[in-house]
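**Student:** If you read the protein sequences in the order shown, they are chains A and B. Residues in the first sequence are numbered consecutively from 35, following my numbering. Residues in the second sequence are numbered consecutively from -14, following my numbering.
If you are wondering where the hints come from, they were derived from the structure by calculation, not from laboratory data. Since this is a predicted model, take the numbers as computed values, not measurements. Heads up, the beta-carbon is just placed ideally off N, CA and C, and yes, glycines get one too. Careful: at least some of the hints might be erroneous.
Stated by the list, open to error - Covered stretches of chain A (in silico footprint by chain B; criterion: 3 or more residues with CB under 8 Å from a CB of chain B, positions within the stretch not fixed):
id, stretch
1, 89 to 96
2, 136 to 146
Claimed, not checked - In silico DSS-like pairs for lysine-lysine, Cα to Cα no more than 25 Å straight-line:
id, chain 1, residue 1, chain 2, residue 2
3, A, 101, A, 36
4, B, 15, B, -2
5, A, 104, B, 15
6, A, 101, A, 134
7, A, 101, A, 76
8, B, -2, A, 134
9, A, 104, A, 90
10, A, 76, A, 104
11, A, 134, A, 76
12, A, 90, A, 101
13, A, 104, B, -2
14, B, -2, A, 76
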Amino acid sequence: QKEVEQDPGPLSVPEGAIVSLNCTYSNSAFQYFMWYRQYSRKGPELLMYTYSSGNKEDGRFTAQVDKSSKYISLFIRDSQPSDSATYLCAMRAGAGNNRKLIWGLGTSLAVNP
Amino acid sequence: DAGVTQSPTHLIKTRGQHVTLRCSPISGHKSVSWYQQVLGQGPQFIFQYYEKEERGRGNFPDRFSARQFPNYSSELNVNALLLGDSALYLCASSSGGGYGPLHFGNGTRLTVT
């Protein structure tokens, strides 16, 4: 079993839809959770950075962490065609070098006008 | 503010050759990390440097080496290139003693023929 599981999709939604992207993990020690967006031929762009459980909102994006279920989510409200990209989750247990940052494989999202 | 910059953007090499990739971090960031990303997968950790010292090394052969300069810029070197080294090479910088979230450049796409 991989430490982090992420459905690769592809996920296709109409413009304006609410998008839910998810990752599950097996290591209960993970405390820091990140979501990145990656456009084709570009580097990953940090969207959300959260510590421990709870919700964090930034504009149309909301990140949720449920440590009891070992499940994290990224919600995108009022999705736009410009949101079409691959979304990667990443997480680690605590302070330490980036070797310990574990990545999902990414979910490909297409928002259709 | 300038983000993480990488050069060159694209590179084509033949098997057995050597390559040097360059990275300039975000101003004020003292930590640089290198990642390899193959299509359809998350980034794979290669190295992290902080204050010119190697902080971590991933599971890559000794053909891969890196260094960080006094101005915090960094080079990744790969010797004796193999076809399997073809990938997007990403550089990321971070603040907070190197423990903050990663901010990526747009990468160098290396093709080995």
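**Student:** Does each hint fit the structure? Answer for all of them.
**Tutor:** Okay, the hints, checked on the actual structure:
no., hint, result
1, 89 to 96, "violated (count 0)"
2, 136 to 146, "holds (count 4)"
3, 101/A x 36/A, "17 Å, holds"
4, 15/B x -2/B, "30 Å, violated"
5, 104/A x 15/B, "32 Å, violated"
6, 101/A x 134/A, "18 Å, holds"
7, 101/A x 76/A, "31 Å, violated"
8, -2/B x 134/A, "31 Å, violated"
9, 104/A x 90/A, "17 Å, holds"
10, 76/A x 104/A, "29 Å, violated"
11, 134/A x 76/A, "23 Å, holds"
12, 90/A x 101/A, "14 Å, holds"
13, 104/A x -2/B, "43 Å, violated"
14, -2/B x 76/A, "21 Å, holds"
The earlier numbered hints that this structure contradicts are 1, 4, 5, 7, 8, 10 and 13.
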